[in-house]
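Fit chain B to the given chain A structure using the hints.
The listed protein sequences derive, respectively, from chains A and B. Per our numbering, residue 114 is the first one in the first sequence, and the count goes up by one each step. Per our numbering, residue 114 is the first one in the second sequence, and the count goes up by one each step.
Bear in mind the hints are in silico, worked out from the structure with no lab data behind them. Please read these numbers as outputs of a predicted model, since none were measured by experiment. All clues stand as given, with none of them false.
Example chain A residues on the side facing chain B (calculated, C-beta under 7 angstroms, incomplete):
1) E159
2) Y161
3) W172
4) A176
5) K190
6) L193
7) A195
8) V199
9) P218
10) P220
11) G223
Label-pair restraints from in silico Cβ distances:
12) A:E236 / B:G258: 47 to 53 angstroms
13) B:F116 / A:A219: 25 to 31 angstroms
14) B:A212 / A:S144: 27 to 33 angstroms
15) A:G249 / B:P201: 29 to 35 angstroms
16) A:A155 / B:A212: 21 to 27 angstroms
17) B:E133 / A:D164: 19 to 25 angstroms
18) A:A219 / B:E234: 26 to 32 angstroms
19) B:P227 / A:G249: 37 to 43 angstroms
20) B:G258 / A:A123: 43 to 49 angstroms
21) B:R239 / A:R224: 29 to 35 angstroms
No residue lacks a Cβ here, since even glycine has one placed at the ideal position from N, Cα and C.
2 protein chains.
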Amino acid sequence: MNFELHAQLAQDCHRLGRFELGLLLLMDDASYPWFVLVPQRAGVREVYELDAADRALLWEESAALSRALMAAFRGDKLNLAALGNVVPQLHLHHIVRYAGDPAWPAPVWGRHPPRPYTAAELERRRAALLPHLPAGFTAAYAAPG
Amino acid sequence: MNFELHAQLAQDCHRLGRFELGLLLLMDDASYPWFVLVPQRAGVREVYELDAADRALLWEESAALSRALMAAFRGDKLNLAALGNVVPQLHLHHIVRYAGDPAWPAPVWGRHPPRPYTAAELERRRAALLPHLPAGFTAAYAAPG
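Looking at chain A on its own, in the form it has when it is part of the complex (with noise of 0.2 angstroms):
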């Protein structure tokens, strides 16, 4: 079975590249930075589905993840979830939360619609970030849909 990104993921998110496993999604939500990474590994529900090596390699490439969001954004906490009661492909929420952000102190999960990025906005959002991807991130951009 081939690894195929969920239809709803990439109905609700940017594609903004690969690590070597997880896909790199920018949820389109420009309220909060909003970043979903995907392990492309197919039938996979849980974390503790993965192997040993895969489940080291995501969480790893989740702290790199981390580290350039917080550099990029400067947040005042990171939020981290694997929810997936709705879309259960595995998929592992990192969301920057500022004091005062629309939802603060609640998670983000349906408190407000969505509000949909401009084409400045997303070009601004993605230029921060990706200069502090490690070396092992390779930049792919493709719209929801």
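What follows is chain B alone, placed relative to chain A:
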């Protein structure tokens, strides 16, 4: 600086014991099998702030806990999250979810007031989990407070 469990976590949770790195807590909300893993390292707010060896150990303990939870409680999905917007000490939520539970399919935070355990419910939940935890876990109960 020595590790000390954050007062809010101590007040909200039953302490069940410890892995090598992580304290295992049970949120005092019987609505869900809701567990919290707290690495015993002082002054850490984000996963990526742990050194690489601690981070690897924490995620292996999280995977072992996750497997044990799903074996014990037969959930439909596991929710895994490090939020920390309110309690800054790094802590990882592990919440067993069922289609049709009180918050499903939304995340659990902020949906319903917590429903404290009765002594009998607490004993049932502990007894269901303990046999599934790995040999590296040491049970040591302490009540919320």
